[in-house]
Each structure stands twice: as structure tokens, then as C-alpha cells.
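K.L.:
Turn these sequences into a full structure, and let the hints guide you.
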Amino acid sequence: MVLFVPEFSLNPTEMSEIAEKVKSIIVDKLGVEPSEVTPEASFTNDLGADSLDTVELIMEFEKEFNVSIPDDQAENIGTVGQAIAYLEEHAK
Amino acid sequence: MALRRVVVTGLGAITPLGKTVAEYWDGLSRGVSGAAPITRFDASKFKTRFACEVKGYNPDDYFERKEGRKMDLFTQFAVIASDQAIADAGLLEGVDKDRVGVIWGSGIGGLRTFQEECIAFGRGDGTPRFNPFFIPKMIADSSSGNISIKHGFRGPNFVTTSACASSSDSIIAAFNYIRLNMADVIVTGGSEAAITEAGVGGFNAIKAMSERNDAPELASRPYDKERDGFVLGEGAGALILEEYEHAKARGAKIYAELLGGGLSSDAYHITAPDPDGNGVVLVMQNALRDAGITAADVDYINTHGTSTPLGDGAEVKAIQKVFGDEAYRLNISSTKSMTGHLLGGAGGIEALASILAIQHGVVPPTINHFTDDPELDARLNFTFNQAQKREVNVALSNTFGFGGHNTSVVFGKLRD
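First to last, the protein sequences are chains A and B.
Quick note: the first sequence uses the numbering used here, first residue 360, plus one each step.
Quick note: the second sequence uses the numbering used here, first residue 504, plus one each step.
Each hint should be verified, as a subset may be incorrect.
[What the hints assert, rightly or not] Derived contacts from chain B toward chain A, CB cut-off under 7 Å, selection only:
(1) K569
(2) P635
(3) R832
Hints were generated in silico from the structure; no laboratory data involved.
Ideal Cβ positions, reconstructed from N, Cα and C, are used throughout, including at glycine.
P.N.:
If you want it as C-alpha cells, here you go:
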């Protein structure tokens, strides 16, 4: 499955509420600077996440947005933009 | 194959008396109590509401937030103390890291992590939402794992678990691997961080801990007639053990020689000590034999001495059986009177106390002595209340753990 990658930037004034929450979760869990959290940024290649960090991120998204992300779909969420797109579609 | 000699070339400590070796020794030699009301959780409903916590501890002083979050407190203590010891020994450059191991001790592991994850699950609807870091944070060997990852030490790596004897066992295991030529240097010692609801509640249930809530700093009083149990402590003590020629060749500072170690089991009861002290007699005899010395060579015994009514007496009787009249010549002290009981971390910080006694020529005291126990021989020198100056050539450190595990480690001034 190919996920839609949004074209928008993560400028706070233009960000959706979901995008803002996703960004703050990533900053918190991965200990990175907000400026590094761009839509194209890969959790593992750009933001220093290992396999366990990635699992923890997905769990935090599930908790924050009250969704259940199946493993086969979680595998396709590798960048900030992919996470935002998925959650904007599925968040309750 | 001849056994190789093993020396101590680095020390590190984070303890209820201070967060460096210098602060720890300062507290020990001045006879300071590390006990105070518990701050790590609301203990108001607990039978024991005090402990020996590491004071003013903030993980952000030592770790990037992301790094610290992935370690239970007992692993943070392990990394902090071992970092100090590694720096003290000058180990970071010019050693073959394939020949450097880490053998750590912890009796319990990540109790806080375990407790928090289980509480969170219990509060939910049965859907498992365990954090992916739950298991790697909780397991006791995350301590030795994290130390090796941080420094790239690829030698032998594991953790010993034998309750309150854990870190004496790690020291002996490290000693054996080096003298058998399976490593040249090993980072060893132990840590514990069990001042949690589960830890305090669990030990209260065994009726093993002091309940002297009106005077925490007077509660740990080994060999006093009014002793009523141990005081829980936390922290870590780290030692760098190194093969003697290896240490000499790189011009390392040598604190002491590890002369030998002994191990035994009570084979009696899972928590109560054998009142006849048979296992404790055996462990000291084993240690003296391994060190190639006799009772007459020992100057100081850093006892297990937890301040429990049964345990203290059994250990003293055993010392008298092993040492005979030589027992009257010894300095005996329990530094748990000051640090509290670090459980699986006790052997680490008490090995340091023994080594520092040798280095400084000062025996740290057994504080909080008010009333003689008529069951104990008053001619013994328990080093009550004040440190005593004494040339210490050989010090023996005892630790005993629930399960009946007994371990003695013998340190000596370096002889040529």
C-alpha cells in the first residue's frame, strides 16, 4: 500500500492539530530538535530511531489518537509525513 | 597454567553518602548516615517510610534525555559509577577492547520499570500496551549491556544475581576470568535501585526492614541490642579489575590487589540465616585459602552486618569460629550503618570501602551504637561510632544473600 505524502511544510502556522501533536511526540520520544522534524524526515535514517524507538512511536500515536495501527500498516510509516497522513485519515 | 595476579586500577561510586568516590569516602570516614524519609514515592501508608536514597539525583546531569529514558535507575547508577571507574583507570585509550569485559551484579534489576508497566496494564482493559523498552530496561543484564555498548568493550559480559551477594559474586567472576587469561581488564561491581512501592512493601512483608520511622538516621545500627532490621539503600559501586602485568605495563595506578574470594551456600532457608553460621564459616575459610593467607594476616573485616537481629549475630559467631583469638585483633565494621543496604549493589560499594580503608589506613566505623548486645562478645572491636586509624594490609568483605548465598572477597596492599 502506498501512503499519501502531504505536500505541506511543517510551519507551525500552517500545521494541522494532528501534525502538531505528531511532531511533539517525535520531539519528545526521539529527543530531536523540532526543526529536524520535516515531512520527509525518516525516523530511522534522519532522526536516529532504532527498531524499538519506532515501535514506541507507533504506540504513542495509537494512544494519543485513539487508533489501532495494524503491524502491516505500521511498517509503511517510516517518515514524519507518512505518520501524519495515516493519522489524518484514521484518527477518531 | 599459573593463575595470573589481579589488581584494582579504578573506582567509581554513586551512593547515599555522595555521588563520587571522594564524597563516599568522606561520608564513610566521618560516620555520616545516608538515611532520610523516602522521596521517590508516597510512602505514607508503608510500615517503613525512610531509606538511604542517592541525594539530589537528576538523570539529566548524566544522560541525554533520550538515553536516560531507556535505562532503569539501577542501570543509570551502573553506567555512572562505571564511567567514573573507567576514567579513573585511564581505560579509554590504548587498551585492546576485545580483552575488556563487563561483569556486573544486581539482585533485582529494573524493579521500578517492572512495577510501572504492570500497573499500567492492570489499569487498562486487558489490551496489552507494553512499552518496547519494558523488557530491555527491566532485565538485570541491561546494566552490563549498556556499559559495554557505551565503551565498546567486547570481552566477557554478563550479570550475576544472588540477592545481596550479587556484586561480590560479580567481582569474583571477574577475578576468575582475568586470572584464567580469558580477559585482561573487567569492569565490575554492582548496582540496585529498589526503593519503590514494590521493593519497600515486599521487604516489609518479610519483616526484614527497620521500622524506626521517628529516627531514620539512627535506624541502621548493626550489633546494637536495639537493632530492628536493615535500611534499604540504592546506588552503585564500580571497580576496574586488571591483570597485574597489564596494569604495570601501561603505568596504571594500583589501589590494591584482589587476593582471593570464597563462595558457599547455607543450604538452610530461603531468607533466614543458619543460626549456627555454618555457611558463613565455610565462605571465610574458602576465601582465606584462595587468597593463600591465614586468619593472622587479616586486619579488617567489612561485614555483611545488615542490622537484622538474627543475621548480625550469626556472622559474628562465624568470624569467631574462623578467626579464634585473632578475632580480637581485627577491626570489624558494617558500613551499612551509614549507606543502608544496597542489596545486589552492597558488594560493590563495600569492596570500595575495604580498598579505601587499605589506601587511607583508616577503618570506617559502625555508627549508631548505643547499647551493647549481651549476645555479642564485647572484646571484639566493632569500630563503633568513629573511624579508627589503622594500617590495613588485608581486608575481607563479606556479603550474604537471600537464598543462602555467601561470598567473601579479600583485598590486600600490593606486594612485590
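K.L.:
Each hint should be assessed against the structure and marked as holding or not.
P.N.:
Results of checking the hints against the structure:
no.	hint	result
1	K569	holds, 3 Å
2	P635	holds, 4 Å
3	R832	violated, 56 Å
The structure fails hint 3 only (numbered hints given earlier).
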